[in-house]
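Participant: These are the residues of each chain, in order.
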Amino acid sequence: MSSELRVEHLRKIFPPIKGSPVAKAAIDDVSFTIAAGEIVVLLGPSGCGKTTTLRCVAGLEHPTSGRIVIGGTMYTDPQAGVLVPPRSRNLGMVFQSYAVWPHMTVRQNVGYPLKARGVPRRDQAKAIEEALGLVELSDYADRPVTQLSGGQMQRVALARSMVYQPQILLLDEPLSNLDAQLRLRLRDDLRRIIKRVGLTALYVTHDQQEAVVLGDRIGVMRDGKLLQLAAPDELYNDPADLFVAGFTGASNVIAGRLVSRDGMQGVVSVGSRGSLTVRLAGDTAPGAAVNVALRPDNVLLEPSNAGPNQFPGRVVSRNYQGTQTVYEVSVFGQTIEALEVGSSIRHAVDAAVTVALPAEVCWGYGAGM
Amino acid sequence: MDAQAQSLAVAVPNRHAERRWLPAAWSGLLIAVLSFLVLYPTAMLLIGALTTTNPVVEGYHFADLSIGNFLTVVTNPNVGSALANSLIACGGGTIVAVTIGLSFAWVVVRTNTPCKGLIASAGMLPLFVPPLVAGVAWSILGSPKTGLLNMLAAKAGIPFHIDLYTMPGMIFVFGIYYAPYVYMFTAAALRNMDPSLEEAAEISGASAARTIATVTFPLILPAIISGMLLSFVVMLGIYGVPAVLGSPANLSLLTTYIFALTAWSPPLYNTAAAVAVILMVVTGFMVWLQQKVLSGRSYTTVAGKAFRPRPLNLGAWRFLTLAMAMVYLLVVVVLPSIALFIAAFRKFLFIRDIPSLFDAKQYGWQHFIKMFDNPLTITSIINSMKVGVITAVVGGILAFAIGYTVTRSRAPGRRTIDVITTIPVAIPGLVIGVAYLWAWIGVPFGLYGTLWILALAFVARFMPDTVKALSTSLMQIHRELEEAAWICGRGTLGTIGSIVLPLARPGVVAAMTLLFILAIRELGSSLFLYSSGTMVMAVQLLGYYEGGNIGITAAFSLVQMVLLGVLITVTNRLSRGANRASPIRTG
Numbered sequence: 001m002s003s004e005l006r007v008e009h010l011r012k013i014f015p016p017i018k019g020s021p022v023a024k025a026a027i028d029d030v031s032f033t034i035a036a037g038e039i040v041v042l043l044g045p046s047g048c049g050k051t052t053t054l055r056c057v058a059g060l061e062h063p064t065s066g067r068i069v070i071g072g073t074m075y076t077d078p079q080a081g082v083l084v085p086p087r088s089r090n091l092g093m094v095f096q097s098y099a100v101w102p103h104m105t106v107r108q109n110v111g112y113p114l115k116a117r118g119v120p121r122r123d124q125a126k127a128i129e130e131a132l133g134l135v136e137l138s139d140y141a142d143r144p145v146t147q148l149s150g151g152q153m154q155r156v157a158l159a160r161s162m163v164y165q166p167q168i169l170l171l172d173e174p175l176s177n178l179d180a181q182l183r184l185r186l187r188d189d190l191r192r193i194i195k196r197v198g199l200t201a202l203y204v205t206h207d208q209q210e211a212v213v214l215g216d217r218i219g220v221m222r223d224g225k226l227l228q229l230a231a232p233d234e235l236y237n238d239p240a241d242l243f244v245a246g247f248t249g250a251s252n253v254i255a256g257r258l259v260s261r262d263g264m265q266g267v268v269s270v271g272s273r274g275s276l277t278v279r280l281a282g283d284t285a286p287g288a289a290v291n292v293a294l295r296p297d298n299v300l301l302e303p304s305n306a307g308p309n310q311f312p313g314r315v316v317s318r319n320y321q322g323t324q325t326v327y328e329v330s331v332f333g334q335t336i337e338a339l340e341v342g343s344s345i346r347h348a349v350d351a352a353v354t355v356a357l358p359a360e361v362c363w364g365y366g367a368g369m
Numbered sequence: 001m002d003a004q005a006q007s008l009a010v011a012v013p014n015r016h017a018e019r020r021w022l023p024a025a026w027s028g029l030l031i032a033v034l035s036f037l038v039l040y041p042t043a044m045l046l047i048g049a050l051t052t053t054n055p056v057v058e059g060y061h062f063a064d065l066s067i068g069n070f071l072t073v074v075t076n077p078n079v080g081s082a083l084a085n086s087l088i089a090c091g092g093g094t095i096v097a098v099t100i101g102l103s104f105a106w107v108v109v110r111t112n113t114p115c116k117g118l119i120a121s122a123g124m125l126p127l128f129v130p131p132l133v134a135g136v137a138w139s140i141l142g143s144p145k146t147g148l149l150n151m152l153a154a155k156a157g158i159p160f161h162i163d164l165y166t167m168p169g170m171i172f173v174f175g176i177y178y179a180p181y182v183y184m185f186t187a188a189a190l191r192n193m194d195p196s197l198e199e200a201a202e203i204s205g206a207s208a209a210r211t212i213a214t215v216t217f218p219l220i221l222p223a224i225i226s227g228m229l230l231s232f233v234v235m236l237g238i239y240g241v242p243a244v245l246g247s248p249a250n251l252s253l254l255t256t257y258i259f260a261l262t263a264w265s266p267p268l269y270n271t272a273a274a275v276a277v278i279l280m281v282v283t284g285f286m287v288w289l290q291q292k293v294l295s296g297r298s299y300t301t302v303a304g305k306a307f308r309p310r311p312l313n314l315g316a317w318r319f320l321t322l323a324m325a326m327v328y329l330l331v332v333v334v335l336p337s338i339a340l341f342i343a344a345f346r347k348f349l350f351i352r353d354i355p356s357l358f359d360a361k362q363y364g365w366q367h368f369i370k371m372f373d374n375p376l377t378i379t380s381i382i383n384s385m386k387v388g389v390i391t392a393v394v395g396g397i398l399a400f401a402i403g404y405t406v407t408r409s410r411a412p413g414r415r416t417i418d419v420i421t422t423i424p425v426a427i428p429g430l431v432i433g434v435a436y437l438w439a440w441i442g443v444p445f446g447l448y449g450t451l452w453i454l455a456l457a458f459v460a461r462f463m464p465d466t467v468k469a470l471s472t473s474l475m476q477i478h479r480e481l482e483e484a485a486w487i488c489g490r491g492t493l494g495t496i497g498s499i500v501l502p503l504a505r506p507g508v509v510a511a512m513t514l515l516f517i518l519a520i521r522e523l524g525s526s527l528f529l530y531s532s533g534t535m536v537m538a539v540q541l542l543g544y545y546e547g548g549n550i551g552i553t554a555a556f557s558l559v560q561m562v563l564l565g566v567l568i569t570v571t572n573r574l575s576r577g578a579n580r581a582s583p584i585r586t587g
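Sequence lines, in order, name chains A and B. So the first sequence is numbered by this note's numbering: it starts at 1 and just counts up by one. So the second sequence is numbered by this note's numbering: it starts at 1 and just counts up by one.
Keep in mind that the hints are not guaranteed to be accurate.
One-sided and incomplete, this derived list gives chain B residues near chain A with beta-carbon spacing under 7 Å [unchecked claim]:
#, residue
1, His478
2, Glu480
3, Ala484
4, Trp486
5, Ile487
6, Arg490
7, Ile499
8, Pro502
Think of the hints as simulated: they come from the structure by calculation, not from any bench. Ideal placement from N, C-alpha and C gives every residue a C-beta, glycine not left out.
Construct the complete structure from the given sequences, taking the supplied hints into account.
Facilitator: This is the structure we're talking about:
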């Protein structure tokens, strides 16, 4: 039932706002393909163009140029004058605000798309039953939606978007209006339900935790550009640039200069004494300024055995968080964060420590980027 | 699935291309309707002001279009004095209204005066009284010779005498009846003001008086000015009050002067049009000023939060504020009601002595019986109801269409539609009447003489308020609710029918009932558009008053007030929970 989605060279330029001379591109040449049955998450800060991309797929926004092909059918191609209205696209969409209709019961909400399609009444009842069963709301069918909790409303919205077996399911930050605990539970449920139905899904969020749990692949967007589209583990272990690295939690950025490189490995001089072996992304030439990014949990304090990339440092501050402790460590003139898991505190403030930065998790990016 | 997708690939682009002209056609239709309702009559009014041909006798001739005709009228001293009188009466009335309205707002929102709820709701009652009824009631109370107050004072031997057939009399009645406009604006501003702004001033060391002068007052100043200009504009377009109180003393205001011109024999339609244009220009300037005040200084104090302002403890003084409020309610609500009751039920208004005031034998239904013996009474009531229904249905549907198009659609020409819709804000009802007269009187077999011309004039006149009220309730419907229906496979019309309309229903019902009420009490524009077969209540009431029978006039006033009261109660029931309609410009 589900179809492949192909987005080709999508570009959306909003007319320039008064005062600013340049028109801003909300989506800047974005291309990707989602295989049938795959869940792809678009991840990025607000204003990065992820929601606009999703709305272009839905047909709610009209791109300036580019093409959107769903299941082999052209749905959007402004140059050719093709802009199929949302109602004829046979897509499902879960909105950020739930968008369940307050003047209807749960059953009426879920049955609405079936009625719009002229599905025979008997089939309607069966499909509604199935959809409600899927989201575990069968007992609530005849309640007015206004009596439901936020999480239940979100399930109604999900049931409504799947009841007619759409080609593709679009989800626009569907969990952002829920409280933290509910968000965690619904996050897991969402993936399970989508996978059980086998829907192709495009999911938009700004929460990387959500993206990792939900997505088969994650696309990181910034300023209208799709920076990297990859499986979660690839994204976390091999981010394509500093921004993506930052989005995966690599909050330590060490500025230095590339001294030499050997394939994907390079040596970066940091400060006056440091010489750091890193993994390089891209084709930075020796002599260029580089930023080295790494996650706090990859920084080791007082490693058990000696090795490369070990430097003398000093603990500047300590932030005990119960099950983990975050230390600020000063090393070759810069301050970086180190995270140690466990409830015991191992290092005192002002203590001298050996800081190990494993080469395979030190990612070097050309600073010009 | 694949086969279906393939067939879609062929079919869909065509279907879409076919519909691309639809939004433009829709906008064109709306603009055409609005041109018919607003632009054409306004244009005819301007032409009328610039010619000297009589549209009834000679039809429309544009050969002698000349600014000279207009200037002749403008330089006429009678016009000058009517304009001056209007500005004095409305200016004075505005000052009274601001004084009363502002103090009321403060008492109700910011003090611990007892019975605040009662004061607040009773204080709004004058809004629902048609100005003509108010004028009639006060002429019964305060006419120099036969006024009830004067007679009673004389019998009781109190040296008290008032004469409301004067400029101060008009200012007084204008002021007390339009105070609620100022109250509505300033009370809302006071209520929405974050109390911590004042607390911050106090903590910074400012005294209470200094806080009021430097924080409170500047923050609500835009609301005060706005309410002030609005009440000025409304007064400027009122016919009923100056007709009743000004005419006996030969005090002409612009409105009464315009009507007098068309009542002359032969009617001076061109002069009337020219004076109407002057009235429109003054009104337009005031409305422009009000918009500028509202847009120039944003209400930074209005946040999404509901504040509970800390009421000022007045101590024993709170009984003084209560007494003042009671005096206002007595003067505005109780006295006029008693006057109407006495006049309507008493055989002769002359009061020999005080005990005779309470003599049951003096009272009876004779004025009501006489009133209903006149077939025109029933005709006018039925006609008013018909006009009200037409106005409510046509106006409601049109306003919904405009509101939806402007706030929700991407149709081209939305801005133009929005602008044309707001034009009538600057046109008083009476001027709309003259404009419609000019637009249709010279067209044979046209609208003139039918109930429809009245209804369409009312639709045009109340369009801005109706559209604004409906747009507000439309904007409260989250856009995604509509998008969800599109995604689910519904078209634009299906979505409006199944999602937007049901959700906006309370607002739509409220707007339509409000239109109905405004239409049946509208006098200013009816004056020029009724004919013998299309008599409406408001005009019939004026006829009774001018016929000199104060008993029947009072009886008919009471009938209208009861009708309005019932309607308003029903409306409130229907629109409970619906958002309040925006302040109405009534006349």
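Participant: Give a verdict on every hint.
Facilitator: Verification of the hints:
Using the Cβ-Cβ criterion of 7 Å, the hint placing B:His478 at the interface with chain A is satisfied: the shortest such distance is roughly 5 Å. Below 7 Å, beta-carbon pairs count as interface contacts, and B:Glu480 has one with chain A at about 4 Å; its hint therefore holds. Annotation: B:Ala484 was flagged as interfacial toward chain A, and the flag holds, the nearest CB pair being 4 Å apart, inside 7 Å. Below 7 Å, beta-carbon pairs count as interface contacts, and B:Trp486 has one with chain A at about 4 Å; its hint therefore holds.
Interface restraint check: B:Ile487 against chain A, minimum CB-CB distance 4 Å, threshold 7 Å, status holds. The closest approach between the C-beta of B:Arg490 and any C-beta of chain A is roughly 5 Å, which is under the 7 Å cut-off, so the hint is satisfied. Annotation: interface hint on B:Ile499 holds; nearest CB of chain A at approximately 6 Å, less than 7 Å. Using the Cβ-Cβ criterion of 7 Å, the hint placing B:Pro502 at the interface with chain A is satisfied: the shortest such distance is roughly 5 Å.
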